[in-house]
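We have chain V already, so just place chain B on it with the hints.
The residues making up each chain are set out below.
Protein chains: 2
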Amino acid sequence: MNKAIDYLEQNKEVFLEELFELIRIPSISSIEENKPDMIRMAEALKAKLLAAGADKAKVMPTEGNPVVYAEKLIDPRKPTVLVYGHYDVMPVDPLDLWDSPPFEPEVRDEKIFARGADDDKGQSFMHIKAFESMVASDLLPVNVKFMIEGEEEIGSPSLGKWCEQNKDMLKADTILVSDTGMIAQDIPSITTGLRGLSYVEVKVTGPDHDLHSGIFGGAVANPANELAKLIASLTDENNHITIPGFYDDVIIVSDDERKKMAKAPFDLESYKKALDIKEVYGEKGYSTNERTGIRPSLDVNGIWSGYTGEGAKTVLPSVAHAKISMRLVPNQDNEKISKMVKEHLESIAPPYIKVEVTPLHGGQAYVSPITMPAYKAAEKAYTKTFNKVPVPTRSGGSIPIISTFESVLGIKSILMGFGLESDAIHSPNENYPLFNFYKGMETIVYFYKYFAEEMK
Amino acid sequence: MNKAIDYLEQNKEVFLEELFELIRIPSISSIEENKPDMIRMAEALKAKLLAAGADKAKVMPTEGNPVVYAEKLIDPRKPTVLVYGHYDVMPVDPLDLWDSPPFEPEVRDEKIFARGADDDKGQSFMHIKAFESMVASDLLPVNVKFMIEGEEEIGSPSLGKWCEQNKDMLKADTILVSDTGMIAQDIPSITTGLRGLSYVEVKVTGPDHDLHSGIFGGAVANPANELAKLIASLTDENNHITIPGFYDDVIIVSDDERKKMAKAPFDLESYKKALDIKEVYGEKGYSTNERTGIRPSLDVNGIWSGYTGEGAKTVLPSVAHAKISMRLVPNQDNEKISKMVKEHLESIAPPYIKVEVTPLHGGQAYVSPITMPAYKAAEKAYTKTFNKVPVPTRSGGSIPIISTFESVLGIKSILMGFGLESDAIHSPNENYPLFNFYKGMETIVYFYKYFAEEMK
Chain V
5 MNKAIDYLEQ NKEVFLEELF ELIRIPSISS IEENKPDMIR MAEALKAKLL
55 AAGADKAKVM PTEGNPVVYA EKLIDPRKPT VLVYGHYDVM PVDPLDLWDS
105 PPFEPEVRDE KIFARGADDD KGQSFMHIKA FESMVASDLL PVNVKFMIEG
155 EEEIGSPSLG KWCEQNKDML KADTILVSDT GMIAQDIPSI TTGLRGLSYV
205 EVKVTGPDHD LHSGIFGGAV ANPANELAKL IASLTDENNH ITIPGFYDDV
255 IIVSDDERKK MAKAPFDLES YKKALDIKEV YGEKGYSTNE RTGIRPSLDV
305 NGIWSGYTGE GAKTVLPSVA HAKISMRLVP NQDNEKISKM VKEHLESIAP
355 PYIKVEVTPL HGGQAYVSPI TMPAYKAAEK AYTKTFNKVP VPTRSGGSIP
405 IISTFESVLG IKSILMGFGL ESDAIHSPNE NYPLFNFYKG METIVYFYKY
455 FAEEMK
Chain B
5 MNKAIDYLEQ NKEVFLEELF ELIRIPSISS IEENKPDMIR MAEALKAKLL
55 AAGADKAKVM PTEGNPVVYA EKLIDPRKPT VLVYGHYDVM PVDPLDLWDS
105 PPFEPEVRDE KIFARGADDD KGQSFMHIKA FESMVASDLL PVNVKFMIEG
155 EEEIGSPSLG KWCEQNKDML KADTILVSDT GMIAQDIPSI TTGLRGLSYV
205 EVKVTGPDHD LHSGIFGGAV ANPANELAKL IASLTDENNH ITIPGFYDDV
255 IIVSDDERKK MAKAPFDLES YKKALDIKEV YGEKGYSTNE RTGIRPSLDV
305 NGIWSGYTGE GAKTVLPSVA HAKISMRLVP NQDNEKISKM VKEHLESIAP
355 PYIKVEVTPL HGGQAYVSPI TMPAYKAAEK AYTKTFNKVP VPTRSGGSIP
405 IISTFESVLG IKSILMGFGL ESDAIHSPNE NYPLFNFYKG METIVYFYKY
455 FAEEMK
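Taken in order, these protein sequences are the chains called V and B.
Our numbering applies: residue 5 is where the first sequence begins, and numbers increase by one.
Our numbering applies: residue 5 is where the second sequence begins, and numbers increase by one.
Calculated directly from the structure, the hints in this document are not laboratory data.
Careful: at least some of the hints might be erroneous.
Pairs count within a copy or across copies, as identical chains cannot be separated in the list.
Computed cross-link-like contacts, SDA-like style, restricted to lysine to any residue with a CA-CA straight-line distance of at most 25 angstroms [what the hints assert, rightly or not]:
1) K39 x K165
2) K358 x P432
3) K416 x I187
4) K288 x S237
5) K207 x D97
6) K343 x G197
7) K346 x S237
8) K207 x T312
9) K282 x E205
10) K282 x Y356
11) K416 x K460
12) K207 x S237
13) K207 x K282
14) K264 x K380
15) K39 x E314
16) K207 x E314
17) K453 x G414
18) K358 x T312
19) K165 x E314
20) K277 x P432
21) K207 x T239
22) K358 x S237
So here's chain V without its partners, still in its complex pose:
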């Protein structure tokens, strides 16, 4: 294996520069005007995959942004790994909080700073280069397929159908994904559970135009006040979600399992310090890790109404909006929950306002068993490169498409994520440590080796 590891070592600088090329394309999937960037990005990836050693690579259209597919099939009798990643990124606002422009990557303090540095251009790119090193070293022990999509950050609306249409092409023994994190640079971990997601937008309408808050204030319901009341009513004093039926399908995790989970290293004080908060907060009766790992949550992701500029404007706004998302746990159906939230909010709307709820996107939760060969291979790979057995963890995040892969393709995924909590993904100053970038590639290289052995 030394040849492959050496190849990685020798090409460190080149790889970084190549990643920067990809990062410079502002492929924000949720913003319409960035559409041309999605195409540029897909074409750039295709070129990288061919250069890395794929037999073929293509940009395949979907109803939304294209999927980049590539493959190198060495032997039909050998196992097949299907690598999944995404080339789209989150929006970058508030732009003024970035210390360097989000699409002009730079290295500071041994970290790459840029939108997509981790999520998921950085992590996807590691797979291309790990693959390249195996091919270049003539060590690739399995067939490899790549599917890199451009809509993950908007809930992968087209990929499920695309998978359905390309089932044969996508046949594989496992799906390999790096779009999650690990506990710390010296505590490798593998994500074995993901939360689902229900994301809705709420619009509260009062009067049909903005009013003067003096002349009408007190006599006409204010949509911003009413929206605040609606949001406040969604959780109780124990931070339980109050939507009727919300917890019906939640599987209660046994005390025994909770005890095991509680053994994962976690330092509350440094957690609070990293976020600069005095106290954590969440559902009564659960620890911080349980609150994100095994329990659903409800967050306002955005709220806006009325005058938000400088100074004072005495307006009674006509409309108020909020983006609200719920993280779901295994067995909670995201479509059922979105419908439930919509019906609940619309049904409790008092007669003096109008409430409209639009589901924006969603995804199912996912659990991956630690007994599958891919898990075992990954465990060995981390143990080899980090000198520590990785900890299985449940992430609070969601990758909705992972459960779709299972239902459509019948293939389980292995989540080898190399991100850190401090990477600030989805936030200003997203970053990705060079250590994780390089160590991750090594670990992936070993995954191929051990997976081929596990599947023998």
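Showing chain B alone in chain V's frame:
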């Protein structure tokens, strides 16, 4: 008086074009970059006042935007009217809801559409032209002074001090103001009461940077959710304000007076229709007019946090902001209330968030007696031009400076407002009917005549 009225009639088109010149200057006082426009606007007004017949006019500096002062003193033994108006306007966003650009005035359906068409460029300008017609016709029966400020929409922070410094210059028997409305084009009314105002900005801070709502959602308090809870907690199910002590200084209006007020013409159905709302809403136990006339209120004027763009972004925001204002009634002190709100909100902040409240501006409520000469003169003027005795009403709005005039200069104001509820002041598509513009000028002309007679 026919000569003065004829003058108005003959110059209708010219006056409109001159008003348009003033409206085209985007004198938004709350936006820093419009500062140069404030100066341009003040200079333009000075020129208009000199052209209208003022003996002298000057642009006088303050700590903020300048005040335009002008005077024509015909005889020290005659009474003096001090005209107050303001040349600054509200911001114009949301711009996309305007049917024509806010600073390009145009007449549609016999209405002037533009920011400031009514509030208060249109209404201030009527005074310049009514004055001009009296001077041109050699009919002016009183001394006239003008003070037109540029900070009304941000709470007149400099005018009180300026008045203090210019007490002698400002000596007058009454202050004449057109910055309010009347019930309808066929129901003239005079505003005898104004609400006070306490306007604060609330900032809720959670973690020190935006977080991924999946990885942290449920374990870290979300400032947007917490802000919603704070706002919801400020009113109870009867829409009473829950801030301890808030109602302590409110004078309860007697049943007798409430019965008299209830006789003012008001059609709930057309009120609701005009706003396109199914139901009105407000403090339990009070009618719509009482809710804005004699009772305080609390409105969110703006709220913003997190991601407010297109699509879905799964962010747990670091901060959430709201602009909240309270309308106050006579005897409630606005500074006391602002302090009370600040202390209340900061004191109930739970340990997992930080709450900061900044008072932005405020003003005292005002009541004007219907027995004063200026009221009687105004009543006669309306009766003459509208053929109807005007109704005394209490407005829900605030003109904080009016109570300052009383305390600093010791002069009561007469509020001859010609706006209509449908003028959409502070909102997109602000407008001012030509009927009110022209009829208002006539009424002001007669006010001068009757005021001179009342003061004999």
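Hint check:
1. Taking identical chains as interchangeable, the C-alpha atoms of K39 and K165 lie at most 25 angstroms apart only when both belong to the same chain, with a minimum of 20 angstroms there against 56 angstroms between chains.
2. With identical chains, the CA atoms of K358 and P432 are at most 25 angstroms apart between copies only, with a shortest distance of 21 angstroms across copies and 35 angstroms within one.
3. Taking the shortest alpha-carbon separations for K416 and I187, only the intra-copy value of 22 angstroms comes in at or below 25 angstroms, while the best inter-copy value is 70 angstroms.
4. For the identical chains of this complex, K288 and S237 are neighbours both inside a copy (17 angstroms) and across copies (21 angstroms), given an alpha-carbon limit of 25 angstroms.
5. In the homo-oligomer, the alpha carbons of K207 and D97 lie at most 25 angstroms apart both inside one protomer (22 angstroms) and across protomers (19 angstroms), since each shortest distance falls under that limit.
6. In the homo-oligomer, the alpha carbons of K343 and G197 lie at most 25 angstroms apart inside one protomer (24 angstroms), although the nearest pairing across protomers, at 49 angstroms, exceeds that limit.
7. Taking the shortest alpha-carbon separations for K346 and S237, both the intra-copy value of 14 angstroms and the inter-copy value of 24 angstroms come in at or below 25 angstroms.
8. Proximity of K207 to T312 under the C-alpha cut-off of 25 angstroms is found in both arrangements, the shortest distances being 17 angstroms within a copy and 12 angstroms between copies.
9. Taking the shortest alpha-carbon separations for K282 and E205, only the inter-copy value of 23 angstroms comes in at or below 25 angstroms, while the best intra-copy value is 30 angstroms.
10. For a Cα distance limit of 25 angstroms, the shortest separation of K282 from Y356 across copies, 6 angstroms, qualifies, whereas the shortest one inside one copy, 39 angstroms, does not.
11. Proximity of K416 and K460 under a CA criterion of 25 angstroms is satisfied intra-copy only: 18 angstroms inside one chain copy versus 96 angstroms between copies.
12. In this homomeric assembly, K207 and S237 come within 25 angstroms of each other (Cα to Cα) both inside a single copy, at 16 angstroms, and across copies, at 21 angstroms.
13. Taking identical chains as interchangeable, the C-alpha atoms of K207 and K282 lie at most 25 angstroms apart only when they sit on different chains, with a minimum of 17 angstroms there against 33 angstroms within one chain.
14. In this assembly of identical chains, the alpha carbons of K264 and K380 lie at most 25 angstroms apart only when taken from the same copy (19 angstroms versus 84 angstroms across copies).
15. In this assembly of identical chains, the alpha carbons of K39 and E314 lie at most 25 angstroms apart only when taken from different copies (13 angstroms versus 32 angstroms within one copy).
16. Taking the closest pair of Cα atoms, K207 and E314 come within 25 angstroms of each other both inside a single copy (24 angstroms) and across two copies (14 angstroms).
17. Only within a single protomer do K453 and G414 lie at most 25 angstroms apart by alpha-carbon distance; the minimum there is 23 angstroms, versus 91 angstroms between protomers.
18. Proximity of K358 to T312 under the C-alpha cut-off of 25 angstroms is found in both arrangements, the shortest distances being 22 angstroms within a copy and 20 angstroms between copies.
19. For the identical chains of this complex, K165 and E314 are inter-copy neighbours only, at 23 angstroms across copies versus 46 angstroms inside a copy, given an alpha-carbon limit of 25 angstroms.
20. With identical chains, the CA atoms of K277 and P432 are at most 25 angstroms apart within one copy only, with a shortest distance of 19 angstroms there and 45 angstroms across copies.
21. In the homo-oligomer, the alpha carbons of K207 and T239 lie at most 25 angstroms apart both inside one protomer (19 angstroms) and across protomers (21 angstroms), since each shortest distance falls under that limit.
22. Taking the closest pair of Cα atoms, K358 and S237 come within 25 angstroms of each other both inside a single copy (17 angstroms) and across two copies (21 angstroms).
Of the numbered hints stated above, none is contradicted by the structure.
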